[in-house]
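Asker: Given next are the chains, with one letter for each unit.
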Amino acid sequence: MSMQDVLNQMLRDLRPEVVDGRLVSVRVPEDADPPAADADLSSIVVAGLVDLVIEAAAAPDARRELTGRALSAVEAIIPPARYAFFEQATGIEHHERAARMRGFEIRLTRSWLVPRLEGDIAAYRARIDALRRVVEQT
Amino acid sequence: MTTAIEILATDLENARRARPDLTEGELVALALRRGTELTRPHAGSEDDTARDDLRVDLAEAIIEAVALRRSIVTNRDRFSDAHDRELQTYEEHLDLQRNVVPPLKREARRLRYELKRLEAEATARGIDLSSVEPEIDWSNTIAVDDYTPTTFASNADRRAAVVEFFRRPGDR
Numbered sequence: 001m002s003m004q005d006v007l008n009q010m011l012r013d014l015r016p017e018v019v020d021g022r023l024v025s026v027r028v029p030e031d032a033d034p035p036a037a038d039a040d041l042s043s044i045v046v047a048g049l050v051d052l053v054i055e056a057a058a059a060p061d062a063r064r065e066l067t068g069r070a071l072s073a074v075e076a077i078i079p080p081a082r083y084a085f086f087e088q089a090t091g092i093e094h095h096e097r098a099a100r101m102r103g104f105e106i107r108l109t110r111s112w113l114v115p116r117l118e119g120d121i122a123a124y125r126a127r128i129d130a131l132r133r134v135v136e137q138t
Numbered sequence: 139m140t141t142a143i144e145i146l147a148t149d150l151e152n153a154r155r156a157r158p159d160l161t162e163g164e165l166v167a168l169a170l171r172r173g174t175e176l177t178r179p180h181a182g183s184e185d186d187t188a189r190d191d192l193r194v195d196l197a198e199a200i201i202e203a204v205a206l207r208r209s210i211v212t213n214r215d216r217f218s219d220a221h222d223r224e225l226q227t228y229e230e231h232l233d234l235q236r237n238v239v240p241p242l243k244r245e246a247r248r249l250r251y252e253l254k255r256l257e258a259e260a261t262a263r264g265i266d267l268s269s270v271e272p273e274i275d276w277s278n279t280i281a282v283d284d285y286t287p288t289t290f291a292s293n294a295d296r297r298a299a300v301v302e303f304f305r306r307p308g309d310r
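Just so you know, the sequences run in chain order A and B.
The C-terminal residue of the first sequence carries number 138 in our numbering, and the numbering is unbroken.
The C-terminal residue of the second sequence carries number 310 in our numbering, and the numbering is unbroken.
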């Protein structure tokens, strides 16, 4: 596998739908001067890894072109990923809300309505039996 | 001093193919240093790789893509659980409303009719109903005399009823 292939693979794996989500734990030095960007360490590490792969994949005079191509590829990934994130978050919210509403109704039905109806039915049957006995005796 | 972070295995495996000369620890430390440099405006470069705007733009784009990817990947289980739970409650609710509650209401309605018929018959025979035990506390029973199970002529009717049920107030 060439270095360009490795880079392409890394860029392809930025698409959420192609990765399996397997995580590994790595140790990084606790930097006295933490990153200024509003990003967590793991994102910064991946940005650094891609930069290192580009450095290994191209000679200095070709790196800028490769970086530009990589940037175009990543920029093409972001809008659909944003949409997928929105879709997923909305889906979670809808499913959880629907499950909560139905769960409440199920609990109410099981704990109140069904026992009440069963109690009513038992009372009706007892009264019907008593009335039948009285009516038959007269 | 070191701190543990989690990254996707595929990212590390790919990068290790590009830099087999480095140990995992060296590679991650170098990547963090490189990423930190690129995302810190106006910071000087500490190696021979010149910092330029294109690399900075790429690093920032990757950070955004990685954050989105992580959110989506880590929320997969939650989405799956929420979907399963929604489906489970849908089926349980459907079962209650189709197979449990309607038969009970139909039986209660039938018994109420029978009870009222017998009470009318007993009254006609001169029997004092208050002397017959057990009595029914009608105010504490569930009124099912007018109960008719919901039926739909077509799936379109069923869908329309569901949409109407879930319509939010003022949402027209």
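A hint or two may mislead.
[Said to hold, decoys possible] Computed far set for chain B versus chain A, every beta-carbon distance over 12 Å: (1) 143; (2) 152; (3) 157; (4) 159; (5) 212; (6) 218; (7) 222; (8) 288; (9) 290; (10) 291; (11) 294; (12) 295; (13) 299.
[Unchecked claim] Among the chain B residues that face chain A by a calculated CB cut under 8 Å, a handful are: (14) 140; (15) 236; (16) 239; (17) 244; (18) 254; (19) 277; (20) 286; (21) 300; (22) 301.
Keep in mind that the hints were calculated from the coordinates and are not lab data.
Because the structure is a prediction, the values reported are computed rather than measured.
Glycine residues also receive a C-beta, built at the ideal position from the N, C-alpha and C atoms.
Asker: Would you mind marking each hint as holding or not holding in the structure?
Answerer: Quick rundown of the hints versus the structure:
no.: 1; hint: 143; verdict: violated, 5 Å
no.: 2; hint: 152; verdict: violated, 5 Å
no.: 3; hint: 157; verdict: violated, 6 Å
no.: 4; hint: 159; verdict: violated, 9 Å
no.: 5; hint: 212; verdict: violated, 7 Å
no.: 6; hint: 218; verdict: violated, 10 Å
no.: 7; hint: 222; verdict: violated, 9 Å
no.: 8; hint: 288; verdict: holds, 15 Å
no.: 9; hint: 290; verdict: holds, 19 Å
no.: 10; hint: 291; verdict: holds, 25 Å
no.: 11; hint: 294; verdict: holds, 22 Å
no.: 12; hint: 295; verdict: holds, 21 Å
no.: 13; hint: 299; verdict: holds, 16 Å
no.: 14; hint: 140; verdict: holds, 4 Å
no.: 15; hint: 236; verdict: violated, 12 Å
no.: 16; hint: 239; verdict: holds, 7 Å
no.: 17; hint: 244; verdict: violated, 10 Å
no.: 18; hint: 254; verdict: violated, 10 Å
no.: 19; hint: 277; verdict: violated, 12 Å
no.: 20; hint: 286; verdict: violated, 16 Å
no.: 21; hint: 300; verdict: violated, 12 Å
no.: 22; hint: 301; verdict: violated, 14 Å
The structure does not agree with the numbered hints 1, 2, 3, 4, 5, 6, 7, 15, 17, 18, 19, 20, 21 and 22 stated previously, though it agrees with the rest.
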